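Student: Whole structure, please, built from the sequences with the hints as guidance.
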Amino acid sequence: VEIYLPIADLPVNVFLLLGMGLAVGFISGMFGIGGGFLMTPLLIFVGIAPAVAVATVSTHIAASSFTGAAAYWRRRAIDVALALMLLAGGIVGTTSGVLLFTALRRLGQLDIVIGLSYLLLLVSVGAMMVAEGLRAMLRARQGKPVELRRPGSHTWIHGLPLKVRFKQSKIYVSAIPVCAIGFIMGFIGAIMGIGGGFLLVPMLIYFLRVPTSVVIGTSMVLTLITMASATILHAATNHLVDAVLALVLMVGGVTGAQFGARAGQKMRSERLRLLLGILVLGVGLRFAFDLIVAPNDLFTIRTIVESP
Amino acid sequence: MKRASRRCISKGAKSSRLDSLPPCGGGPGWGVVPWGTDAPPSPTPTPDPSPQGGGEEFAAPSRPLMRRIPAVCAMAALLLALAALPAGAERLVSSLSSHIVQITSNFTGVELTLFGTVENDPATAPRNGGYDIVATVTGPRESAVARRKERIFGIWINAESRTFVDAPSYLEVLANRPFESIADAGTLHREQIGIANISLPQQIGPDVADVTPNDQFRQAFVRIKHERNLYGEITNGVTFLTPTLYRASIFVPAEALVGNYDVDVKLFADGAVIARTSSAFEIVTVGVERFIANAAVDHGLAYGVATAMMAVMTGWFASIVFRRD
Chain A
291 VEIYLPIADL PVNVFLLLGM GLAVGFISGM FGIGGGFLMT PLLIFVGIAP
341 AVAVATVSTH IAASSFTGAA AYWRRRAIDV ALALMLLAGG IVGTTSGVLL
391 FTALRRLGQL DIVIGLSYLL LLVSVGAMMV AEGLRAMLRA RQGKPVELRR
441 PGSHTWIHGL PLKVRFKQSK IYVSAIPVCA IGFIMGFIGA IMGIGGGFLL
491 VPMLIYFLRV PTSVVIGTSM VLTLITMASA TILHAATNHL VDAVLALVLM
541 VGGVTGAQFG ARAGQKMRSE RLRLLLGILV LGVGLRFAFD LIVAPNDLFT
591 IRTIVESP
Chain B
1092 MKRASRRCIS KGAKSSRLDS LPPCGGGPGW GVVPWGTDAP PSPTPTPDPS
1142 PQGGGEEFAA PSRPLMRRIP AVCAMAALLL ALAALPAGAE RLVSSLSSHI
1192 VQITSNFTGV ELTLFGTVEN DPATAPRNGG YDIVATVTGP RESAVARRKE
1242 RIFGIWINAE SRTFVDAPSY LEVLANRPFE SIADAGTLHR EQIGIANISL
1292 PQQIGPDVAD VTPNDQFRQA FVRIKHERNL YGEITNGVTF LTPTLYRASI
1342 FVPAEALVGN YDVDVKLFAD GAVIARTSSA FEIVTVGVER FIANAAVDHG
1392 LAYGVATAMM AVMTGWFASI VFRRD
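So the protein lines, in turn, are chains A and B.
Following the numbering used here, the numbering of the first sequence begins with 291 at its first residue and continues without gaps.
Following the numbering used here, the numbering of the second sequence begins with 1092 at its first residue and continues without gaps.
Be careful, since some hints might not be right.
Computed cross-link-like contacts, SDA-like style, restricted to lysine to any residue with a CA-CA straight-line distance of at most 25 Å [said to hold, decoys possible]:
1. B:K1240 - A:L411
2. B:K1240 - A:I582
3. A:K457 - A:R365
4. B:K1240 - A:R576
5. B:K1240 - A:V413
6. B:K1240 - B:D1298
7. A:K460 - A:E422
Honestly, the hints are just simulated from the structure, not real lab data.
Here the structure is a predicted model, which is why all the values come from computation and not from measurement.
Tutor: Pasting the structure below:
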């Protein structure tokens, strides 16, 4: 069944969109990520203009992360204080990211920067996560206790001043790394057009040692707020948000996210991290593949959408 | 904001076009009056046969018979109009089976029928070579960047790029036989017959100029557009039903943009253009799709807030529905 998308200006099969929403929603619910880095390339592949895809995906992620956040909220698995402090850093990061974005676009090198940063970020983060996940699995196999939180092993991060106690997460860390992580998330989000959940989750785990159970819900709150505001900003400035496309995607997405969240709760955290690492690495390698393998068609055309 | 402005234009144009339509009816009789008098052929032959068929002509493309009826009626009208012709050289008359294509939620492209007749003076001798028709359909214009990838340090990145300024988003050239047998190269070039002869100006530095047809960026642009069924040449696309009555099918794919489409028809005889006429149709969005498209442009902020609310509501609703604990 074909449905006509009013902003994207083309017809697309409804079941294809629902299926994509379901699949990405499942993954996002399971790992507590927005799934933008998966959904945007999928939409572009279907034939939707990249600008419309990026803008509409933010709406879809907002819905998906709300459902996820609600599920975690009921389990009391959200650290509100931590989310708010991350958000404070995020606002500053987004603003500086948008400034750099504009500067790069003026230089005409934005596409290369985006492509390479996707590649470097996804491959390095994915490889790190896979390595860490495998190590944890091996330790478990050898019968050694899995020590995710090692109380004695404080890193230099724990030596920083301005310490704050986050009761829900049971951590006592400096506000500086929390705001810094928020800043990095906002910055990368603005440059690469992604929610960044797949980065936030490992950073909270590795640097702040937030427990895995709390980290996903907290990351979803942050994703919800940033993506809802991104939707409004995209709609108000560029008129690129396709409500019909977003609705179909989010119906599939929220359903998938429910099952994903349940599956994620049942799974052991180190296995979850390994799977997410493989996924991120896979997408990163896909970007590498595009950059390294000779394309079928050397030429591409893209309609210029003049921004106001 | 290109897309935005285009929608605004189409909104205004649509309402005025609708106002000019006759309320209903319009059998073979209506067509005779404007053409029987000495008035020149109207660029958009006025009364549209579509009121009988309405929008469902396009909502149900699987019923070709339904769609043909208005076309046949109008053809009959054209034939009747021939009887009252003043003496003179050939004149070209054309019309389309519809002037408004409505995009509904199940829009998958549309096929329009272009038809018309060559009005020749019975007193003059018929031309030996017969007539040739070339129809050029041009969609709304938009600027596009064509980029070429190059291998730099082992990775393929976009290196060179060219901007095509206000290139037609849709371009279809229909003729009754290959262009080169209709006229010589010089004439074809002058009359912009065939995609190779249609100007596609590129931005080169501060200047905007057309390039030779074998320019690689131009060729790539036309090729990619052709692969998307947006550019094409059909040299057997025009059929002469009688030596003077012709018809052609114009297919517009679902990917085509909303906006105005111009149909320029040229009559050739003995390798020269002896008459021309033009017509137009418009692709518009209707119903919910139109409402959403307009709201997105006219009330961006409210639209954004509403969409974000929709996202939150959907998420909330799902969390209620799937609640098990």
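Student: Hint by hint, note whether the structure agrees.
Tutor: Against the structure, the hints come out as follows:
{"no.": "1", "hint": "B:K1240 - A:L411", "in the structure": "holds, 23 Å"}
{"no.": "2", "hint": "B:K1240 - A:I582", "in the structure": "holds, 11 Å"}
{"no.": "3", "hint": "A:K457 - A:R365", "in the structure": "holds, 15 Å"}
{"no.": "4", "hint": "B:K1240 - A:R576", "in the structure": "holds, 18 Å"}
{"no.": "5", "hint": "B:K1240 - A:V413", "in the structure": "holds, 23 Å"}
{"no.": "6", "hint": "B:K1240 - B:D1298", "in the structure": "holds, 23 Å"}
{"no.": "7", "hint": "A:K460 - A:E422", "in the structure": "holds, 23 Å"}
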